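> Those sequence lines, one after another, are chains A and B. The first sequence lines up with residues 77 to 272 when you count with our numbering. The second sequence lines up with residues 10 to 193 when you count with our numbering.
Hints were generated in silico from the structure; no laboratory data involved. In this text the structure is predicted, and so the values were computed from the model without any measurement. Note that CB positions come from ideal geometry on N, CA and C, so glycine has one too. Treat the hints with care, since some could be wrong.
[Stated by the list, open to error] Computed, partial: chain A to chain B, Cβ under 7 Å:
{"#": "1", "residue": "82"}
{"#": "2", "residue": "138"}
{"#": "3", "residue": "141"}
{"#": "4", "residue": "142"}
{"#": "5", "residue": "157"}
{"#": "6", "residue": "158"}
{"#": "7", "residue": "161"}
{"#": "8", "residue": "164"}
{"#": "9", "residue": "188"}
{"#": "10", "residue": "256"}
{"#": "11", "residue": "257"}
{"#": "12", "residue": "263"}
{"#": "13", "residue": "267"}
{"#": "14", "residue": "269"}
Listed below are the residues making up each chain.
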Amino acid sequence: MSKANLLDRRRVVSTLLEDRRGAIVVGGLGASTYDIAAAGDHDRNFYLWGAMGGAVMIGLGIALAQPTLPVVVITGDGEMLMGMGSLATVGLQKPKNLTIVVLDNEVYGETGGQASHTAATVDLDGVARACGIADSRAMATLSEIEAFAPGMHDVASGPRFASVKIDSANLERVLSSRDGTFTVNRIRGSLGFHPI
Amino acid sequence: MHARTGTSETASEIAASWPEEIFRTLQRFDVRQVPYVPDAGHSELIERVLGASSMRAVPLTTEEEGVALLAGAWAGGQRGVLLMQSSGVGNCVNMLSLAQIFRFPFLTLVTMRGEWGEFNPWQVPMGSSTAGVFELCGIKVLRASHAEEVREVVEAAAGQAYNACTPTAVLLSQRLIGAKVFTK
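Input sequences plus hints: build the corresponding full structure.
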């Protein structure tokens, strides 16, 4: 189902990652992982095929371990709702290099398009702000995305949170690797860490 | 409660409590991220971690956050350990998939409730199934029930977790905690 004037999720993600440089990018379970894969496979892509609700915490663990590298979590509204407490944990830790972007289509697209809480009542950027993430915003236009993207590389002013209302159309899946050990070891290798 | 580490290293070694032994073991293994949900049995260790410049204590809203955090820490090149109470283990079940999926060095130290003279019946169901839940999730389980064995058990657990990427939980018995922490 498409609605007029809502952003295309692939366009949003490709714009965010157009100049990603050394950033580590975590994609939440579901379409966000396909979006990141569609923007181009990368040694520093962290694809999730499960662990619903865990994307932000995985991003936080990386961000604390690598404080000079930008870490970007791109996930969906359903995945974010399942791990909403992790926004409180991020708000407490305040990692300056962490950016969280929620692609909010207001539905569980992978399971048949059932409405999520954001369709009716929940305001995720309000939640993030209330959890102590002061730089929290809602974005609705591509020009806002373009203006936001360079800031993700500022590792001295995070954490930042953005929710983006997107079109709920289910796009063709772009399948990344499903091998978690490969994915993690590839990221570790890119950071100079060796296998055990 | 036991005395905090004194200014004299020799004196503190002689008087080291089991939480202090755990803290030193974690330092020796270069553990950097320590997510936790507070528990009375972990209170001394949490205070030591909060005071350690080499460690990042990360208070959680629920225990499963800690499993995901440690996976991220590993991807970023750091070791971590999750501190929680037995009642929190059930909150982790789906997220424990990450230990198998990433084959990363997952280590958790669990203070036990629901056993050894438990007063609160609400603790008993989860406390009784804690070891079974871990085993079903592919996590090796070790247990320490006496203060004098804590160090070697935690060392063994940390060794197999960090050196062999064998996900491991250490259950710290209520018998141990009751003897050392509860004062009423």
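> Compare the structure with the hints numbered earlier in the document and write down the numbers of the violated ones, lowest to highest.
Hint check: 1, 5, 6, 9 fail, others pass.
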